[in-house]
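*Asks:* If you want the building blocks of each chain, they are given just below.
2 protein chains.
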Amino acid sequence: MRVHWEAETATDDRGLAYGDGCFETLRLTPGGAPLWPWHRARLLGGAARLGIPLAEAVLDEALTQALARCHGSAVLKLILTRGSGGRGYAAPQAVAPRLLASLHPLPARPDSDYHEGIVTGLCQQRLATAPALAGLKHLNRLEQVLARQEVQRAGWAEGLMLDEHGRPVEFTSMNLFARFGDQLWTPPLAQAGVAGVARAVIIEQLAPAAGLFISQQLRPLSQLRQADEVFACNSVAGILPVRTLALWRWPVGPVTLALQARLADLFA
Amino acid sequence: MRVHWEAETATDDRGLAYGDGCFETLRLTPGGAPLWPWHRARLLGGAARLGIPLAEAVLDEALTQALARCHGSAVLKLILTRGSGGRGYAAPQAVAPRLLASLHPLPARPDSDYHEGIVTGLCQQRLATAPALAGLKHLNRLEQVLARQEVQRAGWAEGLMLDEHGRPVEFTSMNLFARFGDQLWTPPLAQAGVAGVARAVIIEQLAPAAGLFISQQLRPLSQLRQADEVFACNSVAGILPVRTLALWRWPVGPVTLALQARLADLFA
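If you read the sequences in order, they're chains A and B. Residue 1 is where the first sequence starts when you use this note's numbering, and the numbers rise one by one after that. Residue 1 is where the second sequence starts when you use this note's numbering, and the numbers rise one by one after that.
Misleading hints may appear alongside valid ones.
[Unchecked claim] If you anchor each label on the Cβ, the simulated ranges turn out as follows:
| hint | chain 1 | residue 1 | chain 2 | residue 2 | range |
| --- | --- | --- | --- | --- | --- |
| 1 | B | L106 | A | A268 | 57 to 63 angstroms |
| 2 | B | P107 | A | F213 | 54 to 60 angstroms |
| 3 | B | A57 | A | A68 | 30 to 36 angstroms |
| 4 | B | G45 | A | S112 | 40 to 46 angstroms |
| 5 | A | S112 | B | G155 | 55 to 61 angstroms |
| 6 | B | Q223 | A | F180 | 42 to 48 angstroms |
| 7 | A | L67 | B | G85 | 53 to 59 angstroms |
Worth flagging that the hints you see were computed from the coordinates, not collected in a lab. All values reported here derive from a predicted model rather than from experimental measurement. Cβ atoms here follow ideal geometry from the backbone N, Cα and C, with glycine treated the same way.
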C-alpha cells in the first residue's frame, strides 16, 4: 500500500461503489499539522471498525509527503477505501486498500463569523440511528449532502441536524456545543453523527483546562433554547459562535471566545 | 454529459467522497436488456430524488453502447454521480454529473440454488430508518458491506437484514418475499431498503398474473416462520427459494418455482 496523489482512481474502487471507506480533512499550518495525532487516531480507528487494513507507517508517510508539498496553510484530505473489486458487497479475499491524498486551499471565511457568530437553521433531513457507523467519518454522507442542500437554499451558514427522535446531534459539517452554567454540553454520538477532532480536543484538553464540566447526554431540542451560549466547531474552521438557530438567539459568550482562542493557538 | 467507459475516474468525484449518487446493475442477454424499462425508471427516479440532473438520452445511449460492446449474457453496471467538486458537502453551482458504465460476466451460481433453495441467516447489522433515502439504490451501502461480512463469515448464501425495530426488510442484495396462503408478502420499503427491479416486476406483473394478492405491510420477524414458502430475488440472479433462515425451514414451494420460471422467461 502506498499514498496516491493522482487525480484519478479506479472506477471499480469500493469507495465509489459503496462508500466503503473513511476520510479525514485536516488543517496544515506553516509549522506542521497540529491536530495530526487526533486525525491519525480517528482514521486508524475507523479503518479498524470497518475492517480495512491500514498500516500506521503509510499514514505517517502521507503526512510527510503532504508537508513536503505544502509550506503554508492548506487542507489535507485523506480518503481511505477498501480498494477495488469483490463480488457485489462482499470484499475480495485479499483486499488492497487505497489511501488517496489531496491538498486544498484553506476555505475563506469572514472574520465576522468568529466575532459575531453565525446564523443557523434547522434541517428537515434527519440523521438515522446507525450504531455500527455512528461516530465514524465514513464515506456514506448522503444525509449531509441532502441537509447541505437545505442550508444552501435557506442561505444559512450551517444547519442543525436532529436524530430520528428530534434530538440535536450536530451541524452538517460541525459539531454542536452549548454552555449551561459551568457545564459544557455536546450531544453523544453513539447512535449517529461524526466524532469531530475539534470536538475531541475540546472535550479532552480545552474544556478541562478551562474548568468546565463536560456533559454528553441526549437532550431534547427545546433545552437548547435555555443555553447560555452555543457554538459550532470543526478542525478546519475552528470554533464559531452560533448567534441564531431559526428564531432562537444567543449572545456570543465568554467561554466560546476563550475556547476559540485556545483552539486557534494550536494553529498559530 | 456523456457515458464514461474508462477504468479511471476523478478522485474529487462526489460519488467517491460522499457516495453522492446511485447505481444500477442489470442483466444483458443475447436479445437485449429485458428489464431495462424498470432499471431506467429507477435510475431516473433516484437521480430526481437526489437532485442530480440526468438526461434520458444519455441513459439510453449508455444501453446502446453496452449492447454494441456485448453480444452474450453479461451484467451492466451504471454508476451515476453528482460529478466533481464543491466545497465540502455543498455541491458546486453548476454540477457536471458522471455516468460510469462497465460490463461484467454474469456471476456463476449453482443450479441447486434454484431447485433446492438457499441457506440464509440473520444479520446482526440493522438497516437504519432513513425515509429520504429508503428505496433508492444509492451509493451509501456500508450497512450492506458490513452485513455481507457476516454472511461470508457464516458461510450463508444470503443474510436477512432487519430494521431497527427488528422487522425484516431485505437480504443484503436481494429482496424478500413470503407466501401466506394466496397472499404474497414483501416488506414495505418506505423507511429502509432497496426497491429492487425484480421485486417491482413480481409486484406489478408476475404476481397479479398468477392470481396472488400482494401485501406490503410491516410484519414482525416471528410471522415469517408461519410462511408457506419464502424466496429471495434480484434482477441478476432471478428468484431463489429460501430453504432455511437460521433454524427455520420452508419447503421449495410451487408459487416460488412458478414465479421463478416466469421471471427466467423474461431473460430467455
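*Asks:* Given a hinted range of 42 to 48 angstroms, is it respected by the beta-carbon distance of Q223 of chain B and F180 of chain A?
*Replies:* Roughly 46 angstroms apart at Cβ, these two residues keep to the hinted range, so it holds.
*Asks:* Against the range 54 to 60 angstroms, how does the distance between the Cβ atoms of P107 of chain B and F213 of chain A compare: consistent or not?
*Replies:* holds, 56 angstroms
*Asks:* Is the distance from the Cβ of L106 of chain B to the Cβ of A268 of chain A consistent with 57 to 63 angstroms?
*Replies:* holds, 60 angstroms
*Asks:* Does the beta carbon distance between L67 of chain A and G85 of chain B stay inside 53 to 59 angstroms, or does it fall outside?
*Replies:* violated, 25 angstroms
*Asks:* Between S112 of chain A and G155 of chain B, does the beta-carbon spacing fit 55 to 61 angstroms?
*Replies:* For G155 of chain B against S112 of chain A, whose Cβ atoms are near 60 angstroms apart, the range 55 to 61 angstroms holds.
*Asks:* If you check the beta carbons of G45 of chain B and S112 of chain A, does the distance land in 40 to 46 angstroms?
*Replies:* holds, 42 angstroms
*Asks:* State, for the Cβ atoms of A57 of chain B and A68 of chain A, whether the hinted interval 30 to 36 angstroms holds or is violated.
*Replies:* violated, 47 angstroms
The structure is inconsistent with the numbered hints 3, 7, although it conforms to all the rest.
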